[in-house]
Structures are given as C-alpha cells and as structure tokens.
Amino acid sequence: THLETDSPLVAALRRSGRWKVEVALDDHCPVVDLPKGVTSRSLRSGSTLRRSASTRRKLERAGTPMTIEKVTTAEQLEHFWPDIVRTAAASADAERASGTEPRQDLCATPWGEFTYAFLHQEATRGRLLVWGALFGGVWGAHMVTLRSGSRAELWLTRYSPLAASSRPGHQL
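Its first residue numbered 1, the sequence shown is counted upward by one per residue in the numbering used here.
Simulated from the structure, these hints should not be mistaken for laboratory data.
We put the beta carbon where it would ideally sit given N, CA and C, even for glycine.
There could be a bad hint or two in this list.
The following label-pair restraints were derived from C-beta to C-beta distances [claimed, not checked]:
#	residue 1	residue 2	range
1	98	22	29 to 37 Å
2	98	35	38 to 46 Å
3	78	38	43 to 51 Å
List of simulated lysine to aspartate or glutamate pairs, DMTMM-like, C-alpha gap at most 25 Å [what the hints assert, rightly or not]:
#	residue 1	residue 2
4	20	6
5	36	153
6	58	83
7	70	153
8	70	83
9	70	113
10	58	69
11	70	60
12	70	22
13	70	33
Could you put the whole structure together from the sequences, leaning on the hints where they help?
Next comes the structure, spelled out in structure tokens:
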C-alpha cells in the first residue's frame, strides 16, 4: 500500500496491540495541491507548451492526429481495456529490449485480473479517470488516475514505443 509511515491507520494498528506492524517506506508519492483556477498554462513553460502544440501539428500533417479519450465509466473501461493491456505490454517489451528492467506490468499476469477489477470498482464508484492518447485512432498511451475528493491521484502511465516521439507524457 502507499501509506505514510506516520499515517493515522498505522498509528491505530500499533496502539491496538493485536497487530504486528512493520512499515517499510518503499515509494514516495508526492502530492501537489493547486490553487483554484490553476491550469496547465500556469504550470508549464511557454517552450513546453509550444513544443506540445508543434508535436500535435506534426501528427496532424502525418495523418495520425492525436486525440484524447477520457475513460470514467465501467463500460468505457471494458471497451478500452484491451487497448490498455496492449499498450502496457508494448511498453514492457520496449523496456526489456533496451536492456532496462521493465516496471511491473499491472495489466498482465499475475496482476491483470486484480487491476481490472480494482479499476472497474473505481469506475462504478465514480472515481476512475483514465486519459488515453489515440494516434490516428489507435490507442498509444494512457495515464490512470483515481479521484479522491478534489484530488486526482496518478496511479500509472504507459505508452507504446511507437508513440514515444510524440512525447505522450507531456501531451496527456
């Protein structure tokens, strides 16, 4: 889990005396609270915004315009799940081919069933927000976020190596 070592839950479990609690910090998930009205234009440099716009124009001229698909419902997740799985697998394959140890592919065995069920449940509760980048109508990148109150918490991102030159992380 991604519990802070000083979380109220960990403290309560330690106080109860019925639990042996061992917490090892293995990941850091930064949270940025933004003031109301802040947009990408407020956070990004002018050169980054120009480069992103230039990339989108190049894709358009090449006949592979980039569009963004927003997935929030269980039905949409079911429809796009095969694309999400395919893109995650292509990302892992590219990492292996480059000699890099791939990140965990949470869409593949043995985690895929859990991931789908978890995201499906988040969608039915109105908390799922997946941003998918389609290049010429073909899914090539995604960013999975979960909404919690007024926050959108990034869970994972993946992109196909075919989309790499399009800077999908910046585009999404």
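Against the structure, the hints come out as follows:
no.	hint	result
1	98 with 22: 29 to 37 Å	holds, 35 Å
2	98 with 35: 38 to 46 Å	holds, 39 Å
3	78 with 38: 43 to 51 Å	violated, 33 Å
4	20 with 6	holds, 15 Å
5	36 with 153	holds, 17 Å
6	58 with 83	holds, 24 Å
7	70 with 153	holds, 15 Å
8	70 with 83	holds, 14 Å
9	70 with 113	holds, 22 Å
10	58 with 69	holds, 20 Å
11	70 with 60	holds, 20 Å
12	70 with 22	violated, 38 Å
13	70 with 33	holds, 22 Å
Violation of the numbered hints given earlier is confined to hints 3 and 12; the remaining hints are satisfied by the structure.
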